[in-house]
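Chemist: Sequence:
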Amino acid sequence: MEPVLDHRWDLTPKEAIALQKQLAGRVSLRKEFGRLRTVCGLDVSYDKTSDRFYAVAAVLSYPDLKIVEISQAAARSPFPYVPGLLSFREIPVAREALAGLQTLPDLLVCDGQGYAHPRRFGLACHLGVLYDRPSIGAAKSRLCGEFKEPKSEKGSWTWLLGDGEKIGQVVRTRTGVSPLFISPGHRVDFHTARKIVLSLCPKCRLPETTRLAHQEVNRLRREMNAR
DNA sequence: GCGACAG
DNA sequence: ATCTTGTCGC
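Read left to right, the first sequence gives residues -16 to 210 (my numbering).
Among the hints, erroneous ones may be present.
[Claimed, not checked] Derived lysine to aspartate or glutamate pairs resembling EDC-like cross-links, with alpha carbons at most 20 Å apart:
| # | residue 1 | residue 2 |
| --- | --- | --- |
| 1 | K4 | D(-7) |
| 2 | K131 | D146 |
| 3 | K178 | E15 |
| 4 | K4 | E(-15) |
| 5 | K186 | D47 |
| 6 | K149 | E129 |
| 7 | K49 | D(-7) |
| 8 | K178 | E79 |
| 9 | K14 | D89 |
| 10 | K178 | E132 |
| 11 | K4 | E136 |
| 12 | K149 | E132 |
| 13 | K14 | D115 |
| 14 | K178 | D47 |
| 15 | K178 | D146 |
| 16 | K123 | E136 |
| 17 | K149 | D172 |
| 18 | K31 | E206 |
| 19 | K131 | D115 |
| 20 | K14 | E136 |
| 21 | K4 | D146 |
| 22 | K186 | E148 |
| 23 | K4 | E148 |
Just so you know, the hints here were simulated from the structure itself, not pulled from any lab data.
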């Protein structure tokens, strides 16, 4: 799959922030897709010894969650890790993995925030807008916003609020585990984003898409590192 | 000034 | 993210 929009990536943090504010205006928080047939999970792994990034895009069938296709890529890290600017560090590698896909997935599930971001433009929004594709952010921890702890039972959830606005949902994807921070990326609403992520978590805390992409990208990194 | 801070 | 194995518990 190819982006429908692109921009420079060799930016300074200040320029990156200005670009986020500009692109944030393109995000849609409405559900703009029909029946899901394929869902793509993305994950990036970093090897500090070689300063290299590895990315994996794993496409699963939906709702049976069987692996349909896996694409991988490697690249040098172009941007430092700055809270709030993660997409500028991970998308350059991720897009190479996405470029290798034969399947055009109906939805992208990202390992990070979507709308639940200081400028409402997290990794999932950024990818969704560049590809003009439905996307959801499912992060393991909070970047910003306040929330009340949801009940411990699977499916329980609370709103994540930022500046008095609903920016995401804190969701218990398994009973007794720490919650996931779910927010829309692009072309999806809060309710649908939460429901879909829960349907992607039949046995683990993380969505099968993310879990499998994570497993594959780590296998790839160790394999390349052993050469 | 101080603490927080996706991966 | 990465550094790292086994172990306790449902």
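Chemist: Determine for every hint whether it applies to the structure shown.
Modeler: Evaluation of the provided hints:
Restraint check for K4 and D(-7): the C-alpha separation of about 17 Å stays at or below 20 Å, so the hint holds. The suggested pairing of K131 with D146 holds, with an alpha-carbon distance near 15 Å, which does not exceed 20 Å. For the hint pairing K178 with E15, the CA-to-CA distance comes to about 15 Å; that is within 20 Å, so the pair holds. With a C-alpha separation of about 23 Å, the suggested pair K4 and E(-15) falls outside the 20 Å cut-off, and the hint is violated.
Using a Cα cut-off of 20 Å, the hinted pair K186 and D47 holds, with the two alpha carbons roughly 13 Å apart. The hinted pair formed by K149 and E129 meets the criterion: a straight-line CA distance of about 10 Å does not exceed 20 Å. Of the pairs offered as hints, the one joining K49 and D(-7) is violated, with about 37 Å between alpha carbons and a cut-off of 20 Å exceeded. At most 20 Å may separate the alpha-carbon atoms for a hinted pair to count; K178 and E79 exceed this at roughly 29 Å.
Under the criterion of a C-alpha separation no larger than 20 Å, the hint pairing K14 with D89 is consistent with the structure, at around 12 Å. Distance restraint check for K178 and E132: the Cα-Cα separation of roughly 19 Å lies within the 20 Å cut-off, and the hinted pair is therefore satisfied. The hinted pair formed by K4 and E136 fails the criterion: a straight-line CA distance of about 37 Å is larger than 20 Å. Restraint check for K149 and E132: satisfied, since their Cα atoms lie roughly 15 Å apart, inside the 20 Å limit.
Restraint check: the Cα-Cα separation between K14 and D115 comes to about 13 Å, which is no more than 20 Å; the hinted pair holds. Distance restraint check for K178 and D47: the Cα-Cα separation of roughly 15 Å lies within the 20 Å cut-off, and the hinted pair is therefore satisfied. The hinted pair formed by K178 and D146 fails the criterion: a straight-line CA distance of about 25 Å is larger than 20 Å. The straight-line distance between the Cα atoms of K123 and E136 is roughly 17 Å, inside the 20 Å bound, and the hint therefore holds.
Taking the CA atoms of K149 and D172, the gap is near 11 Å; set against the 20 Å cutoff, the hint holds. In summary, the hint linking K31 to E206 is supported, as the alpha carbons are separated by about 15 Å, within the 20 Å threshold. For a cut-off of 20 Å, the pair hint linking K131 to D115 is broken: about 33 Å separates their Cα positions. Pair hint K14 plus E136 does not hold up; C-alpha atoms about 27 Å apart against a cutoff of 20 Å.
Proposed proximity of K4 and D146 is supported: the alpha carbons are some 16 Å apart, at most 20 Å. Between the alpha carbons of K186 and E148 the distance comes to roughly 32 Å, so the proposed pair goes past 20 Å and is violated. The straight-line distance between the Cα atoms of K4 and E148 is roughly 17 Å, inside the 20 Å bound, and the hint therefore holds.
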